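Student: These are the residues of each chain, in order.
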Amino acid sequence: MIRTVASLRSIAFVLALGIIIPILLIFASFLQSEPKIWQHIVDTLLVDLLKNTLKLCIGVLAGTFVLGVGAAWLTAVCDFPGRKFFNWALILPLAVPTYVLAFVFIGLLDFSGPVQALLRANIVSSLKWFPNIRSPGGVIVVMSLALYPYVYLLTRNAFKTQGKRVLEVSQALGRSRAKAFFKAALPMARPWIASGLMLVLMETLADFGAVSIFNYDTFTTGIYKAWFGFFSLSAAGQLSSVLLIFVFVVIIVEQQMRTKIQFNQVGKMTTGESRIRLNGWGKWIAFGFLSAILLIAFFIPCLQLLIWFVRSISAELDSRYIGLLFRSILFSSIAAAVIVGLGLFLAYIQRQYSDFTSKWIIRLATMGYALPGTVLAVGVVIMLSFADRQIIWLIKETSGIQLYSILNGTIVAVIFAYTVRFLTAGFNSINSSMLRITRSQDEASTLLGITGLNQLRKIHIPILKNGLFTAAMLVFVDVMKEMPITLMTRPFGWDTLAVKIFELTSEGEWQRAALPSITLVLAGLVPLILLNRQSERTTL
Amino acid sequence: MNKLIHTLIFSCSLFLLATYSSTGFGQEIAVYSARKEHLIKPVFDLYSKKTGVKIKYITDKAPVLLQRIKAEGEKTPADLVITVDAGNLWHAANQGVLQPVSSDVLTANIPSYLRDPENKWFGLSLRARTIVYSTERVRPDELSTYEDLAAAKWKKRLVLRTSKKVYNQSLVGMLIKEHGKKATAEIVKGWVNNLAAPPFSSDTKVMEAIIAGQGDVGVVNTYYFGRLVKKDPAIPIALFWPNQSSGGVHVNVSGAGVVNASENKAAAIAFLEWLSTAKAQQVFADLNMEYPVNPDVPVNPTVASWGTFKQNKINLKNAGENQAAAIMLMDRIGYK
Numbered sequence: 000m001i002r003t004v005a006s007l008r009s010i011a012f013v014l015a016l017g018i019i020i021p022i023l024l025i026f027a028s029f030l031q032s033e034p035k036i037w038q039h040i041v042d043t044l045l046v047d048l049l050k051n052t053l054k055l056c057i058g059v060l061a062g063t064f065v066l067g068v069g070a071a072w073l074t075a076v077c078d079f080p081g082r083k084f085f086n087w088a089l090i091l092p093l094a095v096p097t098y099v100l101a102f103v104f105i106g107l108l109d110f111s112g113p114v115q116a117l118l119r120a121n122i123v124s125s126l127k128w129f130p131n132i133r134s135p136g137g138v139i140v141v142m143s144l145a146l147y148p149y150v151y152l153l154t155r156n157a158f159k160t161q162g163k164r165v166l167e168v169s170q171a172l173g174r175s176r177a178k179a180f181f182k183a184a185l186p187m188a189r190p191w192i193a194s195g196l197m198l199v200l201m202e203t204l205a206d207f208g209a210v211s212i213f214n215y216d217t218f219t220t221g222i223y224k225a226w227f228g229f230f231s232l233s234a235a236g237q238l239s240s241v242l243l244i245f246v247f248v249v250i251i252v253e254q255q256m257r258t259k260i261q262f263n264q265v266g267k268m269t270t271g272e273s274r275i276r277l278n279g280w281g282k283w284i285a286f287g288f289l290s291a292i293l294l295i296a297f298f299i300p301c302l303q304l305l306i307w308f309v310r311s312i313s314a315e316l317d318s319r320y321i322g323l324l325f326r327s328i329l330f331s332s333i334a335a336a337v338i339v340g341l342g343l344f345l346a347y348i349q350r351q352y353s354d355f356t357s358k359w360i361i362r363l364a365t366m367g368y369a370l371p372g373t374v375l376a377v378g379v380v381i382m383l384s385f386a387d388r389q390i391i392w393l394i395k396e397t398s399g400i401q402l403y404s405i406l407n408g409t410i411v412a413v414i415f416a417y418t419v420r421f422l423t424a425g426f427n428s429i430n431s432s433m434l435r436i437t438r439s440q441d442e443a444s445t446l447l448g449i450t451g452l453n454q455l456r457k458i459h460i461p462i463l464k465n466g467l468f469t470a471a472m473l474v475f476v477d478v479m480k481e482m483p484i485t486l487m488t489r490p491f492g493w494d495t496l497a498v499k500i501f502e503l504t505s506e507g508e509w510q511r512a513a514l515p516s517i518t519l520v521l522a523g524l525v526p527l528i529l530l531n532r533q534s535e536r537t538t539l
Numbered sequence: 000m001n002k003l004i005h006t007l008i009f010s011c012s013l014f015l016l017a018t019y020s021s022t023g024f025g026q027e028i029a030v031y032s033a034r035k036e037h038l039i040k041p042v043f044d045l046y047s048k049k050t051g052v053k054i055k056y057i058t059d060k061a062p063v064l065l066q067r068i069k070a071e072g073e074k075t076p077a078d079l080v081i082t083v084d085a086g087n088l089w090h091a092a093n094q095g096v097l098q099p100v101s102s103d104v105l106t107a108n109i110p111s112y113l114r115d116p117e118n119k120w121f122g123l124s125l126r127a128r129t130i131v132y133s134t135e136r137v138r139p140d141e142l143s144t145y146e147d148l149a150a151a152k153w154k155k156r157l158v159l160r161t162s163k164k165v166y167n168q169s170l171v172g173m174l175i176k177e178h179g180k181k182a183t184a185e186i187v188k189g190w191v192n193n194l195a196a197p198p199f200s201s202d203t204k205v206m207e208a209i210i211a212g213q214g215d216v217g218v219v220n221t222y223y224f225g226r227l228v229k230k231d232p233a234i235p236i237a238l239f240w241p242n243q244s245s246g247g248v249h250v251n252v253s254g255a256g257v258v259n260a261s262e263n264k265a266a267a268i269a270f271l272e273w274l275s276t277a278k279a280q281q282v283f284a285d286l287n288m289e290y291p292v293n294p295d296v297p298v299n300p301t302v303a304s305w306g307t308f309k310q311n312k313i314n315l316k317n318a319g320e321n322q323a324a325a326i327m328l329m330d331r332i333g334y335k
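Each protein sequence line maps, in turn, to chains D and X. Residue 0 is where the first sequence starts when you use numbering that gives the first Met the number 0, and the numbers rise one by one after that. Residue 0 is where the second sequence starts when you use numbering that gives the first Met the number 0, and the numbers rise one by one after that.
Simulated from the structure, these hints should not be mistaken for lab results. Everything numeric in this text was worked out from a predicted model, so none of it was measured. Ideal placement from N, C-alpha and C gives every residue a C-beta, glycine not left out. Check before you lean on any hint, since a few could be wrong.
[Claimed, not checked] Okay, the calculated beta carbon distance ranges per label pair:
| # | chain 1 | residue 1 | chain 2 | residue 2 | range |
| --- | --- | --- | --- | --- | --- |
| 1 | X | 303 | D | 302 | 39 to 49 Å |
| 2 | D | 492 | X | 211 | 56 to 66 Å |
| 3 | D | 302 | X | 178 | 42 to 52 Å |
| 4 | X | 231 | D | 121 | 42 to 52 Å |
[Unchecked claim] Using 25 Å as the maximum straight-line C-alpha spacing, the simulated BS3-like pairs for lysine-lysine come out as follows:
| # | chain 1 | residue 1 | chain 2 | residue 2 |
| --- | --- | --- | --- | --- |
| 5 | D | 54 | X | 335 |
| 6 | D | 35 | X | 278 |
| 7 | X | 335 | X | 49 |
| 8 | D | 395 | X | 335 |
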């Protein structure tokens, strides 16, 4: 038995190493030095890029924390009018890609947009006081609205399962309700909040779509400048490595701080009757806060997309959309299945072996989320082209058949690239649920003779069901929205909705991009609604 | 779970089979195109209908496509690269991705300043980057040159697209070729000082800002103007052709080159040659309201109604050669 588990560990290592290679290839960019470009970047850009990136990260982390944790607390623990609706509806913005939200908000609120035009025409002639949407504040607000569901989703699970019990205990110990929230509930939800914020941080750092619509220069736009402007992939790779190292340090610091505390599941989950009833002003403030989030992050953008869609319907709508939709869904489902499988496997291995090597290999393998998609895709194409050459040579030597491509330019390449990028999202949600299975549960099952993979199947998976489902849906929606990797690695003819959005928006055709965008949002909603159902079922 | 895995494996292998079986039968050209699907597919379809040659393609940004070809190396499926600007073509040639093509058809149909002196790339449609102005707040006789947009009278009236767009990098690159770095820096500095709003992410946004009254003049590619006018002919903006008594209007090309590692060289060249002939030129340019590069092909009536102009005829390879210098210059000055 021990033997099979040990070999499982080697399989995990091989798989994880496969994931790590494209990331390592990015570090290989240091083999070629680019003194001239670095000189230029350091002299003229670096300070601003770092300042902008720092501002953006802090702003978006704070924004998603307030929105995500606030909304999670209200819907998971409190009771007020509309709670059930908000509980599921607050995930909806996850289906809206950040870049779509960005172009909708700029379209609406910029000087030439309908809002300012209406105000100028009817109310006041000068709108000097109107906040400029194309500003650091604008990017931060838009990205927070697009990304808070990650924090919400993970934190809600935490609050739901620890919920009121913690509060009751702390209140019984004589603490006020607010104090109990800050001193007990919040710290106890920390692994989930941290996982959510980590995803947000990595998304923010890797984002290129939204920031370029705002023309807001960040470290990532610097990476693309090195590549698209100076045509130096090595400089782009070197900058990306710096980004990776930064994220790596953040992850380690966070994990070190966390390992000191053990998180175990306490008792049963919150039920409807034991919620905190909000009264008077409280319930209307909660209602208003959540309505505002939903309206701004989801309903208004969707309405604007619909209006644009109606205006451009004749130019865009045709039968190709069935294909685009189908391929988006196909890519997303395969990637979700692969990533959840691998994520579960790695989480299990990490649980069984908390040794140095396993920990580090898994850490490295879950770094991809922080990398700008295109840079990562280059690593993938280089690696797969190399593998292709070897395989093709081998086949030719052994059987005489001349092939041109085995992996590169096939769906395998696309799925592999998605796995490198999104394993983090899958792994994090599975692993944080895994942390809640107590050691004593494992020990008890071992005593009953359930060990190894059986233990995973019979004990862990049923407990993890919720976490697995969350992971699958997160990855599904993430892949659906993904643009640069799909663009670079897709086979001929395999365009998706995101590809279509890219083609139209890069030509400045925002209105025509409404159709693929709205289709993308609708397709992303399906799994989100399923996700809600699932989590409702497990709570009640 | 097992069932799911089996289905997955089955569908994947089915897919792979489909991918491989589609290669190798009949003649086929693979195109990596930075020109977007809706602006190029009708041209491909026309050629396939006429010759029976199938064309498969993927679209992406030009630098990404180039990198993909380089990463794929000898085994790249790409035969032809299409970009929407000369700078990226120059880089492709410079990085050894493209091969020289000696073709009398191409040299006869395409003017020499719109193709590579070493015949590694060829312009296929011409795009003019010109001045657009508000007909409500600017008289055309107030306008003269790109350089003049740096003058104090345009303070808080100029709107520009971001310097990260290659069109602006080419424009500034060509200015560097004409005036040298020092004088160009002064011009760009003047532009930045005159900006009425932070640079926009697209030419369309630039024109919308002028229509809304945020700025009075801007610099855009003409086809973006064409698209807006097509939607609403009443918009209060118009095009102005600058530098008519000096270098001429800055033009760029959407063009193509044959990939070095192409296994289909002859078919790719045949297609490229066809693209320079009358019928193809017409469709290629009209799809996006651009100008044909072939001087024998008439300009679309809508496009012709914007007037004729003198072009800047310095060879476009200078846009590529000076691109890095242009970006550094704009970065230093703070043109975002």
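Student: Hint by hint, note whether the structure agrees.
Tutor: Now for the hints, and whether the structure bears them out:
{"no.": "1", "hint": "X:303 to D:302: 39 to 49 Å", "verdict": "holds (40 Å)"}
{"no.": "2", "hint": "D:492 to X:211: 56 to 66 Å", "verdict": "violated (40 Å)"}
{"no.": "3", "hint": "D:302 to X:178: 42 to 52 Å", "verdict": "holds (49 Å)"}
{"no.": "4", "hint": "X:231 to D:121: 42 to 52 Å", "verdict": "violated (21 Å)"}
{"no.": "5", "hint": "D:54 to X:335", "verdict": "holds (18 Å)"}
{"no.": "6", "hint": "D:35 to X:278", "verdict": "violated (46 Å)"}
{"no.": "7", "hint": "X:335 to X:49", "verdict": "violated (46 Å)"}
{"no.": "8", "hint": "D:395 to X:335", "verdict": "violated (52 Å)"}
In the structure shown, a violation is registered for the earlier hints numbered 2, 4, 6, 7, 8, in ascending order.
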